[in-house]
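2 protein chains.
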Amino acid sequence: MGAEPVRMMERNEAGIARVVARLGERFADRCQVGASIREQHGNTTTWVANFPPDAVVFAESTEEVSEIVKACAEEAVPVIPFGTGTSLEGQVNALHGGICIDVSRMDQVLAVHAEDLDCVVQPGVTRKKLNEYLRDQGLFFPIDPGADASLGGMASTRASGTNAVRYGTMKDVVLSLEAVMPDGRIVRTGTRAKKSSAGYDLTRLLIGAEGTLGIITELTLRLNGIPEAISGGICPFETLEGACNAVIATIQCGIPVARIELLDTLQVKASNAYSNLSLEERPTLLLEFHGSESGVREQAEMFGEIAAEFGGGDFQWAREQEERTRLWQARHDAYWACVAMRPGAKAVATDVCVPISRLAECITESRRDLDASGLTAPIVGHVGDGNFHVSLLIDMNDGAEVEAASGFMARLVERAIAMDGTCTGEHGVGHGKAKYLRAELGDAVDVMRTIKRAIDPQDIMNPGKILPEGLSR
Amino acid sequence: MGAEPVRMMERNEAGIARVVARLGERFADRCQVGASIREQHGNTTTWVANFPPDAVVFAESTEEVSEIVKACAEEAVPVIPFGTGTSLEGQVNALHGGICIDVSRMDQVLAVHAEDLDCVVQPGVTRKKLNEYLRDQGLFFPIDPGADASLGGMASTRASGTNAVRYGTMKDVVLSLEAVMPDGRIVRTGTRAKKSSAGYDLTRLLIGAEGTLGIITELTLRLNGIPEAISGGICPFETLEGACNAVIATIQCGIPVARIELLDTLQVKASNAYSNLSLEERPTLLLEFHGSESGVREQAEMFGEIAAEFGGGDFQWAREQEERTRLWQARHDAYWACVAMRPGAKAVATDVCVPISRLAECITESRRDLDASGLTAPIVGHVGDGNFHVSLLIDMNDGAEVEAASGFMARLVERAIAMDGTCTGEHGVGHGKAKYLRAELGDAVDVMRTIKRAIDPQDIMNPGKILPEGLSR
Chain R
1 MGAEPVRMME
11 RNEAGIARVV
21 ARLGERFADR
31 CQVGASIREQ
41 HGNTTTWVAN
51 FPPDAVVFAE
61 STEEVSEIVK
71 ACAEEAVPVI
81 PFGTGTSLEG
91 QVNALHGGIC
101 IDVSRMDQVL
111 AVHAEDLDCV
121 VQPGVTRKKL
131 NEYLRDQGLF
141 FPIDPGADAS
151 LGGMASTRAS
161 GTNAVRYGTM
171 KDVVLSLEAV
181 MPDGRIVRTG
191 TRAKKSSAGY
201 DLTRLLIGAE
211 GTLGIITELT
221 LRLNGIPEAI
231 SGGICPFETL
241 EGACNAVIAT
251 IQCGIPVARI
261 ELLDTLQVKA
271 SNAYSNLSLE
281 ERPTLLLEFH
291 GSESGVREQA
301 EMFGEIAAEF
311 GGGDFQWARE
321 QEERTRLWQA
331 RHDAYWACVA
341 MRPGAKAVAT
351 DVCVPISRLA
361 ECITESRRDL
371 DASGLTAPIV
381 GHVGDGNFHV
391 SLLIDMNDGA
401 EVEAASGFMA
411 RLVERAIAMD
421 GTCTGEHGVG
431 HGKAKYLRAE
441 LGDAVDVMRT
451 IKRAIDPQDI
461 MNPGKILPEG
471 LSR
Chain S
1 MGAEPVRMME
11 RNEAGIARVV
21 ARLGERFADR
31 CQVGASIREQ
41 HGNTTTWVAN
51 FPPDAVVFAE
61 STEEVSEIVK
71 ACAEEAVPVI
81 PFGTGTSLEG
91 QVNALHGGIC
101 IDVSRMDQVL
111 AVHAEDLDCV
121 VQPGVTRKKL
131 NEYLRDQGLF
141 FPIDPGADAS
151 LGGMASTRAS
161 GTNAVRYGTM
171 KDVVLSLEAV
181 MPDGRIVRTG
191 TRAKKSSAGY
201 DLTRLLIGAE
211 GTLGIITELT
221 LRLNGIPEAI
231 SGGICPFETL
241 EGACNAVIAT
251 IQCGIPVARI
261 ELLDTLQVKA
271 SNAYSNLSLE
281 ERPTLLLEFH
291 GSESGVREQA
301 EMFGEIAAEF
311 GGGDFQWARE
321 QEERTRLWQA
331 RHDAYWACVA
341 MRPGAKAVAT
351 DVCVPISRLA
361 ECITESRRDL
371 DASGLTAPIV
381 GHVGDGNFHV
391 SLLIDMNDGA
401 EVEAASGFMA
411 RLVERAIAMD
421 GTCTGEHGVG
431 HGKAKYLRAE
441 LGDAVDVMRT
451 IKRAIDPQDI
461 MNPGKILPEG
471 LSR
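Protein chains in written order, with our numbering: chain R, 1 to 473; chain S, 1 to 473.
Among these hints, one or two may not hold up.
One-sided excerpt, in silico: chain S residues whose CB lies under 7 Å from chain R [what the hints assert, rightly or not]:
id: 1; residue: T189
id: 2; residue: C353
id: 3; residue: C423
Far from chain S by the CB rule (all over 12 Å, computed), these chain R residues [to be verified]:
id: 4; residue: E10
id: 5; residue: D136
id: 6; residue: T265
id: 7; residue: D314
id: 8; residue: H332
id: 9; residue: S373
id: 10; residue: V402
FYI, nobody ran anything at the bench for these hints, they're computed from the structure. Cβ atoms here follow ideal geometry from the backbone N, Cα and C, with glycine treated the same way.
Only chain R is shown next, with the shape it has when bound in the complex (with noise of 0.2 Å):
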């Protein structure tokens, strides 16, 4: 599919033995050598083909952690961490074997800050675990990627999701990190300052490394307070080209809302029999708003005026709490959705961002690109950034359908570069893009590369992953 063949490196296999045979004395049972369990932690959502770990040590705190890392740097062993494995472009694939970290157990927020509203966590704490554990203090941590992945996980993917386009990504969020670096070192990134002009931003550096440079095993994170009030609706619109023209009106004029989601004809066909729902089959958008009951009735309001203008339809609010779950949990199970369209299809989710001004232009381009190429692919969007996602439907046994499904994620990618876009907006670089990465940012891939070999010169990071090339090619 889209990833290239996976040239295999040399297997460092004395050293890759040494190193399980120490774990698994040291560790006992918390470092695991059965097929399956290596197999799950090599691949679980991603469609990247699935290259297992040597074994998987479940580690508990971050001590356990750096004595992993200085074990698999004493034998040039890679190390990937793993959180739970719900990265999509193969992050947490062993390409080259190596030792897999499980920090799933290390799920403690350690501390609460209210006052300052920000928290400290584990990695493997979930973001809906977090939030569940917030709610009593009436405060909330807004990045939701959909899935209910770890919040290490996240910070590694630079994730986002639905409520990005008001609160940010995790870039946005993370105030700072405490990671083990690949000698085994332990560093802390940050404080809790609000803010801080202290030299180089190690913490935007690690955010979005996917593990290549380090593994968190401590955030700081930002949180809001819960709003007064929330409201929400479904609006369908004539044309896809009008809702893309309604976010952009809604951006342009300020209103600060919370979710705007794109969910086209497709999608819509998919959610109404997955989650039972009876939605006009039309391109339609998801709305959230977040302020005091005043504020998130004007916010309302103004855009209706702009739906109006747009070709929308009749905005059918959702005021309960109930009604809004039930919408959000079938825009969450839009994946699920898909899948379910297509009984033994593969779902391959895809992502890009453009300017929200070729955001139009690029959907439908794509519609035409996926319609020419016979393909079923809905088409769901975090309108408000610009990004939205393809899931593609496909028959893994059929090459002539495969082959068309990874010519037009190609074409998706180029379409997206060509209008001053990225690659990935949230999904990350993984294995599955890393082809793309010197179309979109040049020479820069060298800077990362220089960075990556100083940080890392045994390239026993995660390797493989977002370098194109790998690191000493």
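With chain R fixed as given, assemble chain S onto it according to the hints.
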């Protein structure tokens, strides 16, 4: 003062002479070697001793910056970028001599994409010039550090200022950069997409790097629509604690205040005298609200209730633009008001930032410390972020006073770090604060050095800044 005496590195005299001659030939009168122009480029508003460069070259394009850097790289001669020279920690000092690249003539707004709320500018564009350019289109650029700094310089020091509590800092508003790297290569760190997960965040790595990793030659910036309504006012408090606690409550309630600034009693006195105001001489908050007409009214009412709870006095409204401008001009002139308080004294502006729960404690302890040390120093602060400034008015000929100020500054930083804060919220490290970096960030400083060494192995990019012991020590 606060900075240690500079250990003079061996100046590369032969290399410098060759580069100066070569650039003189190439750039004619755009390459200046006169003493006063060199001195002015070594140091302007900072208190750190002046180290002038050997020549100042006025670059007019990215290609010229690249050409100059290449010439310097060939001879291992230092290169220091210069915007408007308003940095406060000696960032533009040529500690080891070398070439200053003045980018103030690179002052074009290259593009405004109103639909996407972004623009592309050269690094010499100042924030005021950009805002004048944008006004007709209903857009504005929100970062306002007071000084009319260049945008390249603001990015390089990770500047922020009065609006940061609502709109973020430079790290939040830069979408991508073009930069000349230490070997003269020109790289672009991102696209115009609002978000991306494509590779390491080189944009954020260059922001705050103070020209030690590369020279910023172009910036793509997020913009905001000018709010429908702006209102503001001023509110005196019985105590400093009361003012700080009102700020905490305001932030916690989620009031999206655009500006919330503290002036302590001494600063109010200074500003009354300098800006011809008649404010009550008490700890005072200066506020601004942005939003819709009703939203702004609601925010102000909510704040009024909070202020009353914490000993706030009469809230004086400044509804007219003119009155607001006068108040904010007084805030921006705070530095000059301090200077005027004690003619002949040098104003030494320093800043720290702490979690806001510790703000009242940090400011009152610092005030006690100042009083006990017999120092005259008003305090102002971007208190919504926990960031405050102490402006020490020092007779530089009085050794005991200089000593006392130096001791105070060290204790201020220790105090902030002990409260889980940072040695600088927005001024940057430069030369003046390099010695505090390890106390704040520990071994993370070594990771910074690893990056610096890899990207700039000859240590020619603004050497002696940020990293406490230089590159090779």
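Going through the hints against the structure:
no. : hint : verdict
1   : T189 : 6 Å, holds
2   : C353 : 4 Å, holds
3   : C423 : 6 Å, holds
4   : E10  : 25 Å, holds
5   : D136 : 15 Å, holds
6   : T265 : 25 Å, holds
7   : D314 : 25 Å, holds
8   : H332 : 19 Å, holds
9   : S373 : 24 Å, holds
10  : V402 : 24 Å, holds
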